[in-house]
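**Q** The two chains are supplied separately, each in an independent frame; assemble them into the complex guided by the hints.
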Amino acid sequence: MYSLLPLLSLVAPSFIGFLCLFTYPFKFLEAFFRRIEKLALLLGTSLTLLIVMTMVPYILSGEALETPIFSLKVDSTNMAGAVGIVLIFFLASLYNVEAERGGRLKPSMYNFFVLLFLTCMLGLLFSYDIFGIFLLVEMTIGVSIVLVVHNPTKISPEASFKYLIITAVSALFVLLGVLTTFISINSSSISAIMDNSEFFRENSRLAMFIVACFIVGLGADIGLVPFHGWVPDILPGSPPTVNGFFTAEPIAFILALYKLINPFYVIYPSQTIILLLFCIGLICVIFGVLSAFSQKDFLRMFAYLTIEEFGHMILPFGLFTSFGLTAGQFYLVNSSLMKAGLVLCLGSVLINTKTSDMDSLGGLIGKMDETAWSYIVCSLSIAGVPPLSGFYAKWLLYSAVYDFLSPLVGIVFSLLTVLFLICMSIVSLAVLVRSFHQIFLGQPARGLNDLKNVPWEMWLPTLIIAIITILLGIQPNALFNLIKQP
Amino acid sequence: MELTILASLVVSTFFTALGAFSHTTKRAIGFLALQAASIGFVELVYCLLELITGLHMEALISFLAVFIEWFTSAAVSPLIIYWGMIKTENISEKPLVNNKKALASIVTLTVLWLIFGSLFSNLLPKRLDILPLTALMLLFSSFLIVYRKDPLKILVGLNMAENSLYPLIAESPISLVPFILGLMVFVNIVGVFVVMEAYREYGTILLSKWRVG
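Chains as they are written, first to last, in my numbering: chain A, 1 to 486; chain B, 1 to 213.
In isolation and in its complexed conformation, chain B is listed as follows (with noise of 0.2 angstroms):
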């Protein structure tokens, strides 16, 4: 694995970890906007230098699709959750477990990740060698999936744990890569639009309200 998108690799994992510690909705949206903008970085720059270099179709074509992939990610999928949380409330909710816990899963996780990783790389072929760090942050990603009560930061962990698969994302073909993005932006929406009207229905987006409500 090259040095550079293992380093956006590393920092989007860190950005995933903030995610899952943040206090409010507002903040955990923006450790996502951060973590789907780091982990789309590289191969966008790699994609500017070729068409620089290149200056050819192909060149524009492809960096067309990566450039509109990173701004979805890094962009529309956060606005439409923060245009939920505008249209609801920016919560600061008690996770499920304490912060302390919490962390040391987290700790736990990235020291089996570091035992298993090195274990199972060996055996993956050389094309998926980035199979292991992007398990790591769809672990961290599930942390706000699980030990959340907020469905906004629910989501938003939902989104960290779609852009983990980023780098494999990126090679799949262009021809589908609007039909990938296009999917991503449908789920939020649909996401955003159910807790809008569970809103209505019960006066909080808490999950543990609901059913009391």
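Pulled out of the complex, with its shape left as it was, chain A reads as follows (with noise of 0.2 angstroms):
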């Protein structure tokens, strides 16, 4: 169907972020401006929020909403990711409210870069276009790296410097990608690629090329492993509500690739695909959860953890089964909600005390006892624990790796290949305990007896979040309705 609503979800928060810059040059309207700045990027997040969410209805009764001028396609198979990515962003900048206290960046020139980096993640999950697609991850890149620079700590240039090189670099093997997909179909469609299925099976080596460059280049702009390199320094280097929006990004990353590789699995089903995938997804999530394992700064044990979120998140995927891209797409949008919702607690705490050392914290739940419960929460239901989404995100996960494995390599190996993912989750939920147990619980560490709470615009998203984990654990049809296929 016709319809202008996802160009006005890209078209809403690029247009309020260049009415912020506009400000800029100009001296009498930085007084102004500094006094409703942080509304400013509210009502950009909010409105973005509101137009998204009226696209719901459509899809849930089955259509799909398409803007064919731009190549913008919003449907069943993006939808879910939409919402997650907006909702991230309103709670991520109502807790900047409080939370952002200034930086490199003019407040004009952050409120544009973040509404930017909006604009592009939907992008990247509405457009249907090779080359704007690789456009929208060379300019999330650029507005991402500008967003962790603007933290005025020490470690924050050199951080940005390794994620600008792994990143751009990466950002060449998708380019390589589209431009060779393009002169080989003459058109730069996704559609086209299906359209020009004979040439690529005639020439099946061109097509796996292809989707290596496109492993390759999204991977590293993921965080795959081994291309992660730059997470656990990205996120001790940027602010804690960039760190906020960052938690939207894979939602955007993973299903561009998908919707990238899709077509080239469709004609030429090779198992080498499924088999990278798969075993980048296992690397990622043994590296990720043994790294974390050892670390006693909260932020690089939290971006470990994420690495281990990313392996979990690309394993569905990666099985290129209809089951698989509906559990993939809930497990996607549940664990970058609860990420989300972990990270900002760990801001808060970090700005709260000014120390992420879990051996320096402790007892803080006394103080901070919105902040601490809304993390055990994110916690429980990251790690699979029920009756919380993450339990119904994991069991789907189990199910498709399970369904995917089991005529192909039997029952026992089928059920241990699930039962070593379920040794890795309950691994991954002893170092989040533990990290629980460390910062919020026991005895006030020396220095922090007489801290105060967190004003309540930095609680309540986290908060949100833990309530909506709690109610998708009740009724995750409410987010299943969204992804089930047509």
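The hints are simulated quantities; they were obtained by calculation from the structure and are not laboratory data. C-beta: ideal position from N, C-alpha, C; glycine also. Treat the hints with care, since some could be wrong.
To be verified - Listed next, the in silico PhoX-like pairs over lysine-lysine satisfying Cα-Cα at most 25 angstroms (straight line):
no., chain 1, residue 1, chain 2, residue 2
1, B, K26, A, K162
2, B, K87, A, K162
3, A, K296, A, K452
4, B, K94, A, K162
5, B, K209, A, K162
6, B, K209, A, K154
7, A, K162, A, K296
8, B, K26, B, K87
9, B, K87, A, K106
10, A, K38, A, K27
11, B, K100, B, K26
12, B, K87, B, K149
13, A, K162, B, K149
14, B, K209, B, K101
15, B, K149, A, K154
16, A, K162, A, K106
17, A, K259, A, K73
18, A, K354, A, K367
19, A, K154, B, K87
Unchecked claim - Partial pick of chain A residues on the chain B-facing surface, computed with a CB cut under 8 angstroms:
no., residue
20, L135
21, E158
22, I165
23, V169
24, L172
Unchecked claim - From chain A, some residues computed to sit far from chain B (all C-beta separations above 12 angstroms):
no., residue
25, T54
26, L290
27, T326
**A** Below you can see the structure in the form of structure tokens.
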């Protein structure tokens, strides 16, 4: 169905972003803008949330919304992702009201880049043009680097430079894949890949080369092992609010990766692609959990757990089954929301105590009770403890893996794989519970006795995420209905 | 592949290799400008000839697009990095591996490319016959990115790598050229901004000193 809503959801945040940027050169507007800077960001994200939510009834009724002139399409394969992204941005911008304390960028510039970041995320989800996807990937990288370097700490330039190099090289691989595809089929539309299936069947090595370019390119942007080098540096190097915005990034990147490689898999169903993605997923899970275990800095611990989550996210998509896609989307949205909850809680602790060293923390539950409860609920959910939404997400994930593997390798090996994944989840639960114990339980550490609670603008978003996970655990269909395959 | 295109690609590959070995930041930027200028030169001349002989609107648009593309990669991007160098420092640092080892690696890569390139060129469709040479240039550029401790040289390497895809980018729709170029300039500005901020924090642009600082 023709609709301007997908386009409007991109125009709204970028328009408000440009309005913010418009005040940048005018000194006389600066004082005025400083008074409304936080509200302007909140307005941009809430307006986008509103526009995206108006698309939900159409998707629930089985319609797909298209703006063909810009190759934008919203359907059940990207609606849940879009809701997840706008929700994370809205909650993080509410958190931003108190948490953002200024940095290297002027407020107008900061708002512009955050809203541009949101536009890029949604664009990546909705675009069905390979050049559009490349441009949005490159823009996302540029914008996220600027947002990292906004942090006025000493480590942020180094972290952002590392991020710049790894992701800019990865963008070249995306460009190489995009250009090779375009030159091969003379079209930039993803649907044209299917129309030229005969060409790619004849040139199967070329198809594999393109798929490899996309996996390497977008894999590095996501932070998959072995391209994860920037992840543990970026989280401690970014402002807490920006870390919140970053949790939405995998939704856009993973769905874009799936969108790009799925047609090639349909044309040339090579087991190598599945094996590659499955192995990358498993390695991410193992590496992430084991590295997180030994961390004393909670942001680095969270960074490694994020890598573990990337592994879990990529696994169901790499199966290329209808159930895998459903499970993957549910897991992706739920996990990103939980990660947003966790990272915002950790950000509150960092802002309040000025340290991320878990050894010098303790007893914060008495001072920051809302944050503490939100943290433990999100931790239990992300580890898959019932009756929270994470349990349902993990159940779907394990079912998709089992269903796929059992006809191929037998029941025993499939069960062992699922059992192994469950063990990894238990280890990540142990890491999170231990961090909860170190940060929030026990006696208050020295110097933390006079600590006050964070403002409500900072704990409310985390509490909302905790409530969402409980509600989704009781009624997972609320999210599942958005994902159901037509 | 036409001989002129092959010649321009060989020349730009040569400049890429020279850039990988350049001592100072200034010289690396110079080689970046030369590499970019040579890689797009043939196409620019073709478009100019088409414009002179054809004298129609399409030829003019096509020439302007190619000229802007060529000018951005050969002048604008190097100038942005050069500006970053002026604001920070022009350093001559020791690469992570010495020149002998780097040379040996480059020779090995070239030999491997000659073997695998000839094998793969038979498998590639005719439209993509420049891909092996592009891949070789990409490999040389990666030397600058991997083996250098000067972030501006790494940025030069990144630009050289992007330029190596120029023959493929030239095939993309004209309407996309401004966006691709805009992003190229944007990423360079962001890169230089990050380096300048790091220089302000650590007092040096040498990557190895950032962590210590």
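**Q** Determine for every hint whether it applies to the structure shown.
**A** Hint-by-hint comparison with the structure:
1. Distance check on the hinted pair: B:K26 and A:K162 sit about 22 angstroms apart at the alpha-carbon level, within 25 angstroms; holds.
2. Restraint check: the Cα-Cα separation between B:K87 and A:K162 comes to about 20 angstroms, which is no more than 25 angstroms; the hinted pair holds.
3. Using a Cα cut-off of 25 angstroms, the hinted pair A:K296 and A:K452 holds, with the two alpha carbons roughly 24 angstroms apart.
4. Distance restraint check for B:K94 and A:K162: the Cα-Cα separation of roughly 20 angstroms lies within the 25 angstroms cut-off, and the hinted pair is therefore satisfied.
5. For the hint pairing B:K209 with A:K162, the CA-to-CA distance comes to about 14 angstroms; that is within 25 angstroms, so the pair holds.
6. Our distance criterion of 25 angstroms between C-alpha atoms is met by B:K209 and A:K154, whose separation comes to about 13 angstroms.
7. This hinted pair checks out: A:K162 and A:K296 have alpha carbons roughly 22 angstroms apart, not beyond 25 angstroms.
8. With a C-alpha separation of about 13 angstroms, the suggested pairing of B:K26 with B:K87 holds against the 25 angstroms cut-off.
9. Distance restraint check for B:K87 and A:K106: the Cα-Cα separation of roughly 21 angstroms lies within the 25 angstroms cut-off, and the hinted pair is therefore satisfied.
10. Distance check on the hinted pair: A:K38 and A:K27 sit about 18 angstroms apart at the alpha-carbon level, within 25 angstroms; holds.
11. Pair hint B:K100 plus B:K26 holds up; C-alpha atoms about 22 angstroms apart against a cutoff of 25 angstroms.
12. Distance check on the hinted pair: B:K87 and B:K149 sit about 18 angstroms apart at the alpha-carbon level, within 25 angstroms; holds.
13. The hinted pair formed by A:K162 and B:K149 meets the criterion: a straight-line CA distance of about 12 angstroms does not exceed 25 angstroms.
14. Distance check on the hinted pair: B:K209 and B:K101 sit about 24 angstroms apart at the alpha-carbon level, within 25 angstroms; holds.
15. The straight-line distance between the Cα atoms of B:K149 and A:K154 is roughly 19 angstroms, inside the 25 angstroms bound, and the hint therefore holds.
16. With a C-alpha separation of about 23 angstroms, the suggested pair A:K162 and A:K106 falls inside the 25 angstroms cut-off, and the hint holds.
17. Of the pairs offered as hints, the one joining A:K259 and A:K73 holds, with about 12 angstroms between alpha carbons and a cut-off of 25 angstroms not exceeded.
18. Restraint check for A:K354 and A:K367: satisfied, since their Cα atoms lie roughly 15 angstroms apart, inside the 25 angstroms limit.
19. For a cut-off of 25 angstroms, the pair hint linking A:K154 to B:K87 stands: about 19 angstroms separates their Cα positions.
20. Because the closest C-beta pair between A:L135 and chain B is about 5 angstroms apart, less than 8 angstroms, the hint holds.
21. Taking 8 angstroms as the C-beta cut-off, the interface hint given for A:E158 holds, the closest approach to chain B being about 5 angstroms.
22. Restraint check, A:I165 versus chain B: the minimum CB separation of about 6 angstroms is within 8 angstroms; hint holds.
23. The beta carbon of A:V169 is positioned within 8 angstroms of a beta carbon in chain B (closest approach about 7 angstroms), and the interface hint is therefore held.
24. Interface hint status for A:L172: upheld, as the beta-carbon distance to the closest one in chain B is roughly 6 angstroms, under 8 angstroms.
25. Under the 12 angstroms C-beta cut-off, the non-interface status given to A:T54 relative to chain B holds; the minimum distance is some 29 angstroms.
26. Once the 12 angstroms rule is applied to beta carbons, A:L290 is consistent with being away from chain B; the minimum gap is 24 angstroms.
27. A:T326, annotated as away from the interface, keeps every beta carbon of chain B farther than 12 angstroms; the closest lies near 34 angstroms.
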